[in-house]
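Heads up: the protein sequence lines correspond to chains A and B, in order. Heads up: the first sequence begins at 1 in the numbering used here, then just goes up one per residue. Heads up: the second sequence begins at 1 in the numbering used here, then just goes up one per residue.
Bear in mind the hints are in silico, worked out from the structure with no lab data behind them. Where hints are given, some of them may not hold.
For chains that are exact copies, the list does not tell them apart, and a pair is met inside one copy or across any two.
[Unchecked claim] Mimicking DMTMM-like on lysine to aspartate or glutamate, the simulated pairs with C-alpha atoms at most 20 angstroms apart in a straight line are:
{"id": "1", "residue 1": "K351", "residue 2": "E270"}
{"id": "2", "residue 1": "K53", "residue 2": "D63"}
{"id": "3", "residue 1": "K382", "residue 2": "E294"}
{"id": "4", "residue 1": "K264", "residue 2": "E80"}
{"id": "5", "residue 1": "K25", "residue 2": "D75"}
{"id": "6", "residue 1": "K299", "residue 2": "D320"}
{"id": "7", "residue 1": "K298", "residue 2": "D320"}
{"id": "8", "residue 1": "K301", "residue 2": "D320"}
{"id": "9", "residue 1": "K379", "residue 2": "E300"}
{"id": "10", "residue 1": "K298", "residue 2": "D377"}
{"id": "11", "residue 1": "K187", "residue 2": "D74"}
{"id": "12", "residue 1": "K39", "residue 2": "D320"}
{"id": "13", "residue 1": "K301", "residue 2": "D377"}
{"id": "14", "residue 1": "K199", "residue 2": "D320"}
{"id": "15", "residue 1": "K187", "residue 2": "D347"}
{"id": "16", "residue 1": "K43", "residue 2": "D320"}
{"id": "17", "residue 1": "K299", "residue 2": "D377"}
{"id": "18", "residue 1": "K199", "residue 2": "D377"}
{"id": "19", "residue 1": "K185", "residue 2": "E344"}
{"id": "20", "residue 1": "K101", "residue 2": "E176"}
{"id": "21", "residue 1": "K274", "residue 2": "D230"}
{"id": "22", "residue 1": "K199", "residue 2": "E50"}
Number of protein chains: 2
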Amino acid sequence: MFSMEKMLNDNINAFKLTMIGDLMKYFVRYGEIGIKSRKIRSKFEKKLMENIKAGLDCEFINDNGRIILLTQEDDNTVREVLDRVFGIVSYSQIYETVTDKDKIAHLVNTTLSDLIGQGKFNPETQTFAVKCRRVGEHDFSSQEMAGYVGSVVIEQFDAKVNLSNPDFRIYIEVREDKTYVYFDKIKGLGGMPVGCQGKVICLISGGIDSPVAAFQMLKRGCSVILLHCDNAPYGRGTVEKVLKHAEKLRRYSLGEEIKVYSIKYGKYLEYVQKQAPPRMTCVLCKSGMYQSAERLAKKEKATAIVDGSSIGQVASQTLDNINASRYHCNLPIFSPLISLDKLEIEDIAKKIGTYEISIIPDGGCAAVPKYPETHADLKLTKNIIEKINQKEILNEVSDSIQRIDI
Amino acid sequence: MFSMEKMLNDNINAFKLTMIGDLMKYFVRYGEIGIKSRKIRSKFEKKLMENIKAGLDCEFINDNGRIILLTQEDDNTVREVLDRVFGIVSYSQIYETVTDKDKIAHLVNTTLSDLIGQGKFNPETQTFAVKCRRVGEHDFSSQEMAGYVGSVVIEQFDAKVNLSNPDFRIYIEVREDKTYVYFDKIKGLGGMPVGCQGKVICLISGGIDSPVAAFQMLKRGCSVILLHCDNAPYGRGTVEKVLKHAEKLRRYSLGEEIKVYSIKYGKYLEYVQKQAPPRMTCVLCKSGMYQSAERLAKKEKATAIVDGSSIGQVASQTLDNINASRYHCNLPIFSPLISLDKLEIEDIAKKIGTYEISIIPDGGCAAVPKYPETHADLKLTKNIIEKINQKEILNEVSDSIQRIDI
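Next up, chain A with everything else stripped away, as it sits in the complex (with noise of 0.2 angstroms):
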C-alpha cells in the first residue's frame, strides 16, 4: 500500500515539504545494499539518505528496495550531488499521479511538453518507446497501459515508436493507487556508502596515485584519513597538492569527515640516509610509512592501510620490495591500484580531478638513490631494520604526526 498516510507515516518532514513550494521527486536506486540482511540493509540505507542530505536540502521516503527523494532544489543541483555519493546505482527524476489513465496521460503529454522545450526531446527527428511495470491489482495489463500512452504521444506529438532501439524512453512504474512517470536512470557510482565499513589510513604523496586509491577505498564505504610523511627538506610543496587533493576527495565523502595528517618524515629519510645502504633507501622509506601509518590508525581507531602500489610501475615496485617493505607493517595493507595499468589510473583521476593537481611539479624526492634496489632481499632487509634500530627513530618522527587540514 502506498498512500498519503503512509507518505505520513514514513516521513513527517517529507510530507511538510510538500506544502511549501515546487517539490521535485527523485527515484534513488542502490544495489548491493539491497540483498543484504536485514538490520544491515537498513543500517545501509540510512547512512545511504544521511550522506545525501549532507549534501542537498532534501528528504526521503523509503520504498522497499528503493529511496524516494524529495527536495526544492532544482535538477542540476540535484544531479550534481547524487552523482558522488558512493551507495547510488541509478537515479531519476519522477512524477507523480494517480492510477488513473487519463490522468497518467495527462501528466506524461505535461511533461513531455516541458522536455521538447528544453530540447531533450525532438519527436521530428527523435523516436521513442514506453516502458511500463506494475506492482498490485489494476483493470489493466502493464502492457496495455504502455500501449495506451504510446497511443497518445503518438496522436499528440506526431512522434515515432521504436521498441527495440529508441532515442528516448517513457518509463511508467504503477505501483498500486500510486503511478510514476520518468525518463531516464542516470547511472550513479556504484559502490557502498561511505562510513558504513570502518576506518582506513590511506597514504597520500601529492602524485597521481595515492589520491585515486584513497577514492577507490571511499567507493566501498570505508571512511578515509589521509597520512602524508612530508619528506622535506628531499621533497617540497606536497602538503598543499596533498591539501588540495583532500578537497576533491572530500566531494566524494559526503556525510564523512576526511582528516589529514602529515608527519615530518625528511628527518627519518635524513637518518636511513646515513645509516643505511644508499640502494635500500626507497625500501626503507616504505617501510617507515607503513609503520607511521600503522601507529595513525591505532591512535584513529583504524584497521587497514591503503597505499596506491601497483607492481612493476616504477622499477622499486616488485613483489620482492613489496614484501620486505610491508613486513613489519602488523595491519592489512590494500593496494585497490595493484593490477591496474598507469593509463587507467590517470582515467580515474582525471574524472575525480585529483589529476591536474597530481602533475604540478613537486621536484620528486631527492632521497631516491642514483641505483634503487629493485629486489630486496627479506632476509637482508630485516637484518638493516634491526641494525639502524629503525622502530626508535620511527618512535621519534612519529611525535611529528599533527592534522595540517585545521
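Given chain A's structure and the hints, the job is docking chain B onto it.
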C-alpha cells in the same frame, strides 16, 4: 634505417618465413613496458614476444618501441591470440611497400578493394580519412601524402572524406624508405607480459571472485600458481570447477605455466568446528588459507598471496575480519578486487569465461555457522588461534597439498 638488410640482421628466421608463402605482418604496440630503462624494457619485450610465440607460429622484428610480427597464420587466428596476451596495448595488420607515392597509392587501392569486397568498408554509405605519419627525410610532407592518397581513393572508389569523424581510417606510416599501410588499431588487453613480475599464490575457491583476482594479477605480469582449499566434506564439486577455471586462465597466461594445487582442508575445518567458538569458523578458515598459501609460497618461491576479497561484499568481509584473518600471515596479501562492486567483478568473469563455471551449483560451504562473526576482535582471535594450536593442525593438513592438474 629500415631495410631488408636490417630485417635480416634483426631476425634471420623472419626472413626465412617470407620465403615460403603468404606472409602477414602486424604492428604490435606495447605501453608501459616502453617507458622502462633500456635493460628492463628489453627484458619485457623479449617476454612479450616469447608469450605471443607460445600461442602463435610467428617471428618478430623489433622496431624501436614497436614489434613487427610476421606470420603465415590467418588473420582470425592472429587476432584470437593477440587478444589474450597481456602487455599489448594495440595491434594492426600492416601492408608494406617502398616509400614511393605511386607504389603507396597502388597498395592502398588493392588492399582497399579487398576490404570493400569483404564488407569492411562501404564507400557508398561510409566516409573515410587518411592519416599519415612520417619519420625521415622525404620530398613530401605528411599532409601532402595524406592528401594524395585521399584523392586517389576518392577517384578510385568515389568515397567521401570526413576528416573529423570518419567511419573508416587509412593509416600511412612512412619510415625512411619503407612505408606501412593499415586500416585499424585493435585494442589489446594492456597490462604487462605474464612472467615478467615474479610468482604469486592465488587462492581459488570455485566462486566468481577468485578466478577474476588471478586474472588481474596475470594482467600486471605475475606468474600465477593456484591453490584450492578443498572443503570436502563441507563442500563438493569445487575441485572440478577450479580445474576448469585454470583452463580459462591459461588462455591468458601464454608462455607461463599455471600450476594448480589442492589441499585437503576439510580436516582443518572439522578441527576448527570442534575446538573453536562456532561464530569464529569463517575467520579461522580464512586465516588458515592464508597460512597454507604462505607454506606453498615458500615451496614455490612465490612472494605474495592473492585472494578475491572485496570489502563488504558479504557480511563477513569487514575490515575487522580481514585484519584478524590476515594477522598470522607474513607475506603480502593482494586483493585486486578490494574496491570493485560485485557487478564489476561479474563483468570481468563473463569476459574471460569463468562466470559460467563459477555459477555451477556446488552447495556452498556447510561449515558456515548460523551467526558468523562480523567484527572479529584481533586479540581474541590471536588467543583462540594459540589455544587451538592452529599451527600444528595446519602443518598436518599441509602434508596433503598436491598438484591436481597433472
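Intra- versus inter-copy proximity for D377 and K299 (alpha-carbon distance at most 20 angstroms) = between (31 angstroms within a copy, 17 angstroms between copies)
Under a CA distance limit of 20 angstroms, which applies to K298 and D377: within one copy, between copies, both, or neither?
-> Between copies only: 14 angstroms across, 29 angstroms inside.
Under a CA distance limit of 20 angstroms, which applies to K101 and E176: within one copy, between copies, both, or neither?
-> within (13 angstroms within a copy, 73 angstroms between copies)
Please work out whether the CA atoms of K25 and D75 approach to 20 angstroms or closer within one copy, between two copies, in both situations, or in neither?
-> Within one copy only: 10 angstroms inside a chain, 54 angstroms across chains, cut-off 20 angstroms.
Classify it for me, K351 with E270: is the Cα-Cα distance of at most 20 angstroms met within a copy, between copies, both or neither?
-> Close neither inside one copy (37 angstroms) nor across copies (49 angstroms); limit 20 angstroms.
For K299 vs D320, is the C-alpha pair at or below 20 angstroms within one copy, between two copies, both, or neither?
-> For K299 and D320, the Cα distance is within 20 angstroms only across copies (16 angstroms; inside one copy 30 angstroms).
Using 20 angstroms as the alpha carbon limit, work out where K199 and D320 are close: within a copy, between copies, both or neither.
-> Between copies only: 10 angstroms across chains, 28 angstroms inside a chain, cut-off 20 angstroms.
When no copy is specified for K382 and E294, does a C-alpha distance of 20 angstroms or less occur within a copy, between copies, both, or neither?
-> both (18 angstroms within a copy, 18 angstroms between copies)
Intra/inter-copy verdict for K199 and E50 if alpha-carbon distance must be at most 20 angstroms | within (18 angstroms within a copy, 44 angstroms between copies)
Give the relationship of K39 and D320 under a CA distance limit of 20 angstroms: within one copy only, between copies only, both, or neither.
-> between (43 angstroms within a copy, 18 angstroms between copies)
Is the C-alpha distance from K298 to D320 at most 20 angstroms within one copy, between copies, in both cases, or in neither?
-> between (27 angstroms within a copy, 13 angstroms between copies)
Alpha-carbon proximity context of K187 and D347, limit 20 angstroms = both (18 angstroms within a copy, 16 angstroms between copies)
Violated hints, listed in ascending order, are 1 and 4; each of the other numbered hints is respected by the structure.
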